[in-house]
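*Asks:* Let the hints inform the model, and build the full structure from the sequences given.
There are 2 protein chains.
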Amino acid sequence: MAQPGIGDKVKIKTRKASYEGILMPRSELSDKEHIVLKLDSGYNIGISKQDISKIEQVPESRKTRAPKVIVKAGKGLPKISVVSTGGTITSKVDYKTGGVSPFKTGEELLAGMPKLAEIVQINDIKQPFSLLSEDISHKDWSKIAKEVYSELKKDTEGVIVTHGTDTLHYTSAALSFMIEGLNKPIAVVGAQRSADRGSFDGLMNMLCATHYCLSDIAEVAIVMHAGSSDEYCIASQGTKVRKMHTSRRDAFRPINDEPIVKIWPDGNLVMTGTQYNERSSGNPKLLDKVEERVALIHSYPGARPEILEHYIDKKYKGIIIAGTGFGHVATQPLDKKESWLKAVTNTVDSGIFVGMTSQALYGTTDSMIYSAGRLLKNAGVTYLKDMLPETAYVKLAWALGNFKRSELEEKMLENISGEINERIQPGSFLY
Amino acid sequence: MAQPGIGDKVKIKTRKASYEGILMPRSELSDKEHIVLKLDSGYNIGISKQDISKIEQVPESRKTRAPKVIVKAGKGLPKISVVSTGGTITSKVDYKTGGVSPFKTGEELLAGMPKLAEIVQINDIKQPFSLLSEDISHKDWSKIAKEVYSELKKDTEGVIVTHGTDTLHYTSAALSFMIEGLNKPIAVVGAQRSADRGSFDGLMNMLCATHYCLSDIAEVAIVMHAGSSDEYCIASQGTKVRKMHTSRRDAFRPINDEPIVKIWPDGNLVMTGTQYNERSSGNPKLLDKVEERVALIHSYPGARPEILEHYIDKKYKGIIIAGTGFGHVATQPLDKKESWLKAVTNTVDSGIFVGMTSQALYGTTDSMIYSAGRLLKNAGVTYLKDMLPETAYVKLAWALGNFKRSELEEKMLENISGEINERIQPGSFLY
Numbered sequence: 001m002a003q004p005g006i007g008d009k010v011k012i013k014t015r016k017a018s019y020e021g022i023l024m025p026r027s028e029l030s031d032k033e034h035i036v037l038k039l040d041s042g043y044n045i046g047i048s049k050q051d052i053s054k055i056e057q058v059p060e061s062r063k064t065r066a067p068k069v070i071v072k073a074g075k076g077l078p079k080i081s082v083v084s085t086g087g088t089i090t091s092k093v094d095y096k097t098g099g100v101s102p103f104k105t106g107e108e109l110l111a112g113m114p115k116l117a118e119i120v121q122i123n124d125i126k127q128p129f130s131l132l133s134e135d136i137s138h139k140d141w142s143k144i145a146k147e148v149y150s151e152l153k154k155d156t157e158g159v160i161v162t163h164g165t166d167t168l169h170y171t172s173a174a175l176s177f178m179i180e181g182l183n184k185p186i187a188v189v190g191a192q193r194s195a196d197r198g199s200f201d202g203l204m205n206m207l208c209a210t211h212y213c214l215s216d217i218a219e220v221a222i223v224m225h226a227g228s229s230d231e232y233c234i235a236s237q238g239t240k241v242r243k244m245h246t247s248r249r250d251a252f253r254p255i256n257d258e259p260i261v262k263i264w265p266d267g268n269l270v271m272t273g274t275q276y277n278e279r280s281s282g283n284p285k286l287l288d289k290v291e292e293r294v295a296l297i298h299s300y301p302g303a304r305p306e307i308l309e310h311y312i313d314k315k316y317k318g319i320i321i322a323g324t325g326f327g328h329v330a331t332q333p334l335d336k337k338e339s340w341l342k343a344v345t346n347t348v349d350s351g352i353f354v355g356m357t358s359q360a361l362y363g364t365t366d367s368m369i370y371s372a373g374r375l376l377k378n379a380g381v382t383y384l385k386d387m388l389p390e391t392a393y394v395k396l397a398w399a400l401g402n403f404k405r406s407e408l409e410e411k412m413l414e415n416i417s418g419e420i421n422e423r424i425q426p427g428s429f430l431y
Numbered sequence: 001m002a003q004p005g006i007g008d009k010v011k012i013k014t015r016k017a018s019y020e021g022i023l024m025p026r027s028e029l030s031d032k033e034h035i036v037l038k039l040d041s042g043y044n045i046g047i048s049k050q051d052i053s054k055i056e057q058v059p060e061s062r063k064t065r066a067p068k069v070i071v072k073a074g075k076g077l078p079k080i081s082v083v084s085t086g087g088t089i090t091s092k093v094d095y096k097t098g099g100v101s102p103f104k105t106g107e108e109l110l111a112g113m114p115k116l117a118e119i120v121q122i123n124d125i126k127q128p129f130s131l132l133s134e135d136i137s138h139k140d141w142s143k144i145a146k147e148v149y150s151e152l153k154k155d156t157e158g159v160i161v162t163h164g165t166d167t168l169h170y171t172s173a174a175l176s177f178m179i180e181g182l183n184k185p186i187a188v189v190g191a192q193r194s195a196d197r198g199s200f201d202g203l204m205n206m207l208c209a210t211h212y213c214l215s216d217i218a219e220v221a222i223v224m225h226a227g228s229s230d231e232y233c234i235a236s237q238g239t240k241v242r243k244m245h246t247s248r249r250d251a252f253r254p255i256n257d258e259p260i261v262k263i264w265p266d267g268n269l270v271m272t273g274t275q276y277n278e279r280s281s282g283n284p285k286l287l288d289k290v291e292e293r294v295a296l297i298h299s300y301p302g303a304r305p306e307i308l309e310h311y312i313d314k315k316y317k318g319i320i321i322a323g324t325g326f327g328h329v330a331t332q333p334l335d336k337k338e339s340w341l342k343a344v345t346n347t348v349d350s351g352i353f354v355g356m357t358s359q360a361l362y363g364t365t366d367s368m369i370y371s372a373g374r375l376l377k378n379a380g381v382t383y384l385k386d387m388l389p390e391t392a393y394v395k396l397a398w399a400l401g402n403f404k405r406s407e408l409e410e411k412m413l414e415n416i417s418g419e420i421n422e423r424i425q426p427g428s429f430l431y
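Sequence lines, in order, name chains Z and V.
At position 376 of the first sequence the residue is numbered 376 (the UniProt record's numbering), and the sequence of numbers has no breaks.
At position 176 of the second sequence the residue is numbered 176 (the UniProt record's numbering), and the sequence of numbers has no breaks.
No lab work stands behind these hints: they were computed from the structure.
Given the structure is predicted, the values throughout are model-derived calculations rather than measurements.
Glycine residues also receive a C-beta, built at the ideal position from the N, C-alpha and C atoms.
Below, a sample of chain Z positions facing chain V; criterion: calculated Cβ distance under 8 Å:
id: 1; residue: Asp-135
id: 2; residue: Ile-136
id: 3; residue: Thr-165
id: 4; residue: Ser-228
id: 5; residue: Met-244
id: 6; residue: Ala-251
id: 7; residue: His-298
id: 8; residue: Gly-302
id: 9; residue: His-310
id: 10; residue: Gly-325
id: 11; residue: Thr-331
id: 12; residue: Tyr-362
id: 13; residue: Thr-365
id: 14; residue: Ala-372
id: 15; residue: Glu-390
id: 16; residue: Leu-430
Covered, in the sense of this in silico footprint (three residues per stretch, anywhere, with C-beta under 8 Å from a C-beta of chain Z), are these stretches of chain V:
id: 17; region: 134-145
id: 18; region: 368-381
*Replies:* In structure tokens form, the structure reads like this:
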């Protein structure tokens, strides 16, 4: 038998253990000192060449299916689209430094997830850019929205957007606003653990996202693990979700909301009773302009209102405040020179839109309960109900880009994509 | 029978209902158009005088016990101290405007809570100021700490600090750091609903806080409702808790931590297994200095690093960043002119301490997993493990006030008052 090659099924013995799996291409997942094996579980492991005592090809091995083969193999299956932007879900590990860096092509990604090919055809893999999500900015939201919008017009059931998790929820909010009259499902998906780890969640998240794309739910949703096990995923409204843990696979939680649907990797969908728009034959509209001079600031004891002057000087157009409690900043002057109330009034008088949210995250803002709220509202602050600070920031950047100043307050208070819940279900607290 | 007076038990009939309770002093809870009745449940209701069809004194009525009477009546009972600072727990409703404003004296507060007098004597009611908590700032933390410290030296079992809820967790963190070698329990307590509402939580929270003060737990803890019912309270480490809901009574939740103890209003205490320092005969030390030129900033897509230059110009001494994910900001330049990495490097080079936390709140920061973290750490950013952004902000203001610049990093990384959990229990996520 010849020396085993890429795609061959092999058995490897080291001093500690023995492994059986498919030999992965070196350029994708390994360096010169390591080889990478895809186990039957779907997970990849890296093995130091030094540790290998024996390597032999397993008879009747099959080649790893390359992405182009997937599309051919899946003829007759429903088609979905993938927009790949970078992040852990599409990342490989540098076994030398231990660091994680993005895959360079969508092909590399799909080579690691042949299971998808059993359910769908991949209509297209678009890659507007490849960035870790902390580097993604306003203009990137527009690029993603353009690609998604273009895919929606094709013969496709839905679109998966792969994305780093740090700012996944900002992008899902942006897509929720940028595509008006959405007619198909859009799943925004990431991975909290990289592909070299046994706890890699990207494969199951991609499977669940694929099932979401085949559903009748025409909403932008983040589709990620529901719990610390691999049991099922939740799809949460893209404007109502937040990364609530640095490392857990179930970090993405709906806030003031319940998930739209629970999704099992085998394709079982359980609706939760949350309202959603159904798949339709309508023509969505792209509203992808965005105003970059928008800021999100948090209030805290001792915070100085001079920060507002900074944003006035820099010609900002909008500011979202994540206030304390129901949406407060200090309204007693800090000293003779500085007063938040005066600074907020100056900001509003400069034509800057000032919106109020709460850093408590759960629950709704209310300007009428305490004197601070009434004073701030009188100064021209718009209270944004239960909208998340992050979502309000994205929405304001979007609204300033696409509408007249005179329409702004109405747009910000209009429930455009599930970002406002007038009635918050008690069960949604710390879901 | 004479016209019923303040403290008399009365029966009142209106067109809609009839009520029985103790007539409360007008100056405390009512205006000229309303009277306030304390019901047997302990809750107060306001009744419009216009609506009253009949009012009669109930025989064998007893006078409302005024605070001075409480102290006398409770002779032989253990003594605790109360430091009152304002907020909803000590607030009355203006029945005309619907707004809420603080009580002016501790006496007014205790007149509404005679149940406390059955358990303890109130050693002293100190009121350094009366502010709604959104107006509380650095110097107020020092004032509270001074009062608490002075009470600890007296014949007292523990100290209750009453406080508005908006920034309750910032103050509890400040007290946790400002009193070194704490020897007695300190309960920081507030109310999410005002005294005019049936759902008023201040009475039960005060009862639980009183029981906490009689325990052997020498920690600063926030003592508030555990759930949406009136069943029991939780006492959570003052550095590990956050207001997680704008209005729910169980808004205060431990983050990356479980409560120290569950407390029932009848005095039952159930320990959760969390570590704590025990009551001791040691002499605590007051470290109440604070540096006001400290800022807390959040990173988000499109955030401009020029904000750091603002704080350099304003001669700030410390900055806490609530980064995304494991503790990231954008490390790819936004454009040719602006780069977070360059700005962070400039900030550190200016002698400003830069600490990193995560806006995900749950989980720990880590500089070693992604390239952004490694680059920021190399630039001189100190990763503050699982410390909450709010706690890190308070701790940095405190550490800059009380220690040399050269000791700063070590102090910030030292677990001084439970603010760092090296091992986070899985059950603490979304507790």
